[in-house]
Amino acid sequence: MNTFLRKNLVLTITLSVIVGLFAAAAQGMESKDFVITLLRGLSVGSLTFLVASGFSLIFGLLDVLNLAHGTLFMIGAYIGWTVFVRPDTFVDLLTPFILTVSGFALRDVYPLLSDRIRLGLRMRRILPWALILVSVILFSVILPRYPISIWSVENYGQSPVTFAFMADQATRLPTVNAAFEEIAAPLALGGLLLASLIGAFGISLLGQTVQSASRISWKNLVGFILLLIVAGLTFIFNESLTGFLLGINSNWLFLISVLVAVACGVGLGALMEATLIRPLYSRPIYQLMLTLGMSAIGIEMVRAVWGRPEFVMPKPALFNGSGDSCPAVTFADWWNHHCSTILLLDGRVRIYNEIFIPIIGLIVLISIWILLQRTRLGMIIRAGVQDREMVEALGINVQRVFTMVFALGVGLAALGGALAAPSMGLSNGMGESLFLNALIALAIGGLTNYPGAALGSVLVGLIQQFIIKYGQIGIAIPFTDIVFKPTPPLVPASTVLMMVIILLILPNGLLGKKE
Amino acid sequence: MEHILEVQNIHTFIGQYHILQGVDVRVPKGSITALLGRNGAGKTTTLKSILGLTPPREGKVIFEGREVRGMKSFDIAAQGIGFVPEHRAIFRDLTVEENLKIAERVKGEYLRKRDFIFNLFPDLSRLIALSGASLSGGQQQMLAIARALVADNRLLLIDEPSEGLAPVIIEHMMAAIRQLSQDSTVVLVEQNFLVASQLAENYVIIEEGHSVKAGAMKDLVNDKATIHRYLGAA
Amino acid sequence: MTTKPSSRLAAFFANQRGALIALLLLALLPFIVGLFDGASLAAVWVNGSGQSKFIQGLAIEIIILSIYALSFDVIFGITGMLSFGHSMFFAVGAYLTGISIKSFELGLPATLGIVFAAAIVQALLFGVVLPRVKGITFALVTLGIASVFHIVVMSSELGKYTGADVGLQGMVVPAFISPANERLRFYFIALTILALVYLLYKRFVDSPTGRVCIAIRENEGRARMLGYNTFYFKLAALTLSSFTAALAGMMHALYQPIVSPNVAGMGFTVTALLIVLIGGVGSLEGALVGALVYRLLDFGLRRYIGESASFINGAIYVVFVLFVPYGIVGTWRLKSFQIKQGWARMTGWLTGKPSSEDSAR
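Residue numbers (the numbering used here), protein chains in the order written: chain A, 1 to 515; chain B, 1 to 234; chain C, 1 to 361.
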């Protein structure tokens, strides 16, 4: 213990100064304010952690600074909102989406096919691009004509803002079911499948190396057929599925929307890694440019689809109750009445924002910790952070682990986004501010250190919330009558200042390893 | 004689540098073959090229009768090749047991091989819960070799096993390598000619990216001229 | 080896033929555009409104961006330090120029003095953290310092001087370089400054100091092992960069003459990064080419596409990274042989003569 203290003297002093500061902060306010501020800090910290942990996993293993991580967080929020507020749109999108993906399920078949076709060198170079072009043209002809009942950004009465407002009032705007008008149904479905097959073939030709796969695994074909069946079922039962989603309890719908957001995040992450990041491992600097570009694209796409104005997402019923018996006094009380707030030390605490989100954050923290420490995948990740080449030399497909970790990281960001939507609201800028938070948190905690990410996130959240609170009540400066009120711009400045100070004392962050 | 590994005229580039400019290595099954040569001659690159970690642009690498050049590294390793890199590159953040477990290619391999490994390196059995970083240099080297033994490897590529170790530990290491060469074939890169000459049965000398001489070790030991010319005054 | 200064000069000009031709073309640009536009050269000379004046304006913006990008390249591309706070270097120059001219009514020489003094101070400020942090942590610390500056500039307490979030406005630029009435003169001054800065940078890169900076980029540990105190070299690069960026900021403030707080934000650092990446990291020509491409792309897209310009912009960056792997200049150098061959084949095909490669087959 003694040697531990001596080795980590600077860390110990820094941590005790931080704890001391919080103790001092507690002196300046009433205990109910303190509890609320603490919980708010934990809530912001949890959301920051969801972004920061994914970013840090990706950076640690792949050495990729994914500057699009904040944008992916935002996309997660918007997807969650869509499923929650407009389940009919979600259901309409299912069939074309599955058909688009299905081509890629046959990836083992394409090498066999391309072995059969003997081509000249020049044709071999042109063919993939030609196929991809054909596929893109097919998609762009069919998709705009595919009937999807969706909001309209231009028309205020049908805009996401209106839908969000009505949903917040617990009513739904009547929506019109879209029908096949501009294109015949069989033509649209068949065309999408064909475009997907052609596109996937083209992409597989593009990435093909000298060697070729020798056999088709049956899982591949079964997966493809299963996807087709699911696409067919969602097509046939479109309306009853929509009805079902509209009919169920909003808690379940919220759960589904979070899961869909996470699934989209995971898929998007895997796709990004496999197509865009992978060619750039040898040119790390250009990854910055790529991810910046991705970030710009993502923000613009969100603007094009969901519009620029901010809007809200209603909380699920479990956290949205009000009435005579609210605010709840105990948690049992809350469970019975589904109150949105609870009284803690006479202070009103919002259950979703200040209790539910930190709990989810804690659950994610622990499950990722278990994944890293107790599973073979985690073992490979930890080893790969240190020495990628050696892991590969053991006969482990590191590339696949890279893809998985990237997908996991993006999935975590999307989870954060979907959870943040009901508490933060949705805006085009929500990703950026949280991403800056996450970067600061990682710098404080140690860039690739997992517990460090958690510690840094919580510190960032707490400091921000305490500064905000003191902005309202003011700090009485000792021995004087002056009351200092921090202005709102000090909120980001305070965390940034803390980061600079901590990095100057401990260049690798609080828990980062020394080089 | 049956060759488990045949490297034919490989050319490897690192960046724009032409590191290997035609290296041939033939490794008879069940033998220990040493790659000799001066610093920077391309011995380590040869090992890495066999595994595809620095993929050769030309030439052939045939393992157990099968061309493996062009395969991904992990595929080549999974054919049954174990690699012990230089500088004792164990995973410092993993425990000793995890360092061994991670090398499994089939579930349960570690449990099956555990007795064999700890018989070879009794020290390791006491250390299984410690993290790799806390081991001494010799223990780390043993762990690195042990890690290559967990999976079912018919060929072991060992890079500089004696580098930076005390003479007593080198003795121990040599005994271990000799013992494990009874079950598998070993290709050894070794700067210390004394160690190499005692361990290996065959040798290949690599000089400036070319393999210049190969043969039986017992002939080389008496060939002072060759030793002087290619290996310095060893 | 000693050579006569005149022959050394001649050799230098021979080496810089491309740059000299570019400079000449740029100097003639306003008149050429004027000729195409149908305006008389006299009208161009007295700053008559027209296409030429507009093109001059765009060119001045590109020149300012080029100087700014050069100043980023010397620390990022040459010395290998990734700074996310570079916009501060620029913004300090811009804001100080605005404040000293508007609020303190100082003349240009005094302003220049203040800006350069501030440039030293901020280089030292960044230099303080140098020995402690490296790599991505350096990027984050510099981001931190710069965002504190951004917040200070935006704060309402200093609104009297900086104009807070509206930006610094209402500055009266000295009449003899007024960008509205004397734009041609402004253009030539800017062009001269760019040429001088480029020359200075060329000298720096070729100087022993610059060589050590490149060595630091390649492997700092090795540079230190060779006996260089890498801290001083990094500080030298930072100071040089700070000077030039502040100069670019000053030109920006004089040209616009509005200073928006955006130039202090992270986004403007990203602009520098993108320019350097587009042009090619570590080559001075790359920064110039990158600035040209970046500004024209941005301008063109905003003009012809409008709202969703940044979508296309982002898409272009992604495609760019995948297909022009080392920036324009870097990829050109890498492929110049292949490109020449391609041209030869194409011209051969046009003239009906087989190119050397085809006949070799």
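Simulated from the structure, these hints should not be mistaken for laboratory data.
Do not take every clue at face value.
Stated by the list, open to error - Here are a few chain B residues that sit away from chain A, every Cβ distance over 10 Å (derived from the structure): (1) Arg-38; (2) Gly-65; (3) Lys-101; (4) Asn-119; (5) Phe-121; (6) Glu-171; (7) Tyr-230.
Said to hold, decoys possible - Only part of the chain A face toward chain B is listed, based on derived beta-carbon distances under 8 Å: (8) Leu-173; (9) Pro-327; (10) Val-329; (11) Asp-333; (12) Asn-336; (13) Met-379; (14) Ile-380; (15) Arg-382; (16) Ala-383; (17) Gln-386; (18) Glu-392; (19) Ile-396; (20) Val-398; (21) Glu-432.
Claimed, not checked - Mimicking SDA-like on lysine to any residue, the simulated pairs with C-alpha atoms at most 25 Å apart in a straight line are: (22) Lys-72/B with Arg-283/A; (23) Lys-485/A with Tyr-161/C; (24) Lys-134/C with Leu-15/A; (25) Lys-72/B with Gln-386/A; (26) Lys-60/B with Asn-202/B; (27) Lys-107/B with Val-491/A; (28) Lys-72/B with Arg-376/A; (29) Lys-485/A with Gly-471/A; (30) Lys-72/B with Gly-471/A; (31) Lys-335/C with Glu-239/A; (32) Lys-335/C with Arg-400/A; (33) Lys-160/C with Val-491/A; (34) Lys-469/A with Glu-157/C; (35) Lys-218/B with Gln-198/B; (36) Lys-101/B with Arg-400/A; (37) Lys-113/B with Gly-471/A; (38) Lys-213/B with Leu-94/B; (39) Lys-102/C with Glu-61/C.
C-beta atoms are modelled at their ideal positions from N, C-alpha and C, and glycine is treated no differently.
Would the pair Lys-213/B and Leu-94/B pass a check requiring their Cα atoms to be no farther apart than 25 Å? 41 Å, violated
Does the claim that Lys-101/B lies off the interface hold, with its Cβ farther than 10 Å from every Cβ of chain A? Non-interface label on Lys-101/B violated, nearest chain A Cβ at 7 Å vs cutoff 10 Å.
Verify the proposed pairing of Lys-72/B with Gln-386/A, using a straight-line Cα cut of 25 Å. 20 Å, holds
Using 8 Å as the Cβ threshold, decide whether Arg-382/A counts as touching chain B. Holds, about 5 Å.
Do the alpha carbons of Lys-72/B and Arg-376/A lie within 25 Å of each other, as the hint requires? 21 Å, holds
Please verify whether Lys-335/C and Arg-400/A have alpha carbons no more than 25 Å apart. The given pair, whose Cα atoms are some 32 Å apart, is violated under the 25 Å limit.
Return the status of the interface hint for Glu-392/A: holds when the least beta-carbon distance to chain B is below 8 Å, violated otherwise. 5 Å, holds
Interface hint check: Ile-396/A, Cβ to nearest Cβ on chain B, cutoff 8 Å. Holds or violated? 6 Å, holds
Hinted pair Lys-485/A and Tyr-161/C, Cα distance within 25 Å: 22 Å, holds
Grab the minimum C-beta distance from Met-379/A to chain B and call the hint holds if it beats 8 Å, violated otherwise. 5 Å, holds
Pair hint Lys-60/B and Asn-202/B, alpha-carbon separation not exceeding 25 Å: This hinted pair holds, its Cα atoms lying about 21 Å apart.
At a threshold of 8 Å, is the proposed contact between Gln-386/A and chain B supported by beta-carbon distances? 6 Å, holds
The structure fails hints 3, 8, 9, 10, 11, 12, 21, 27, 30, 31, 32, 37 and 38 (numbered hints given earlier, in ascending order).
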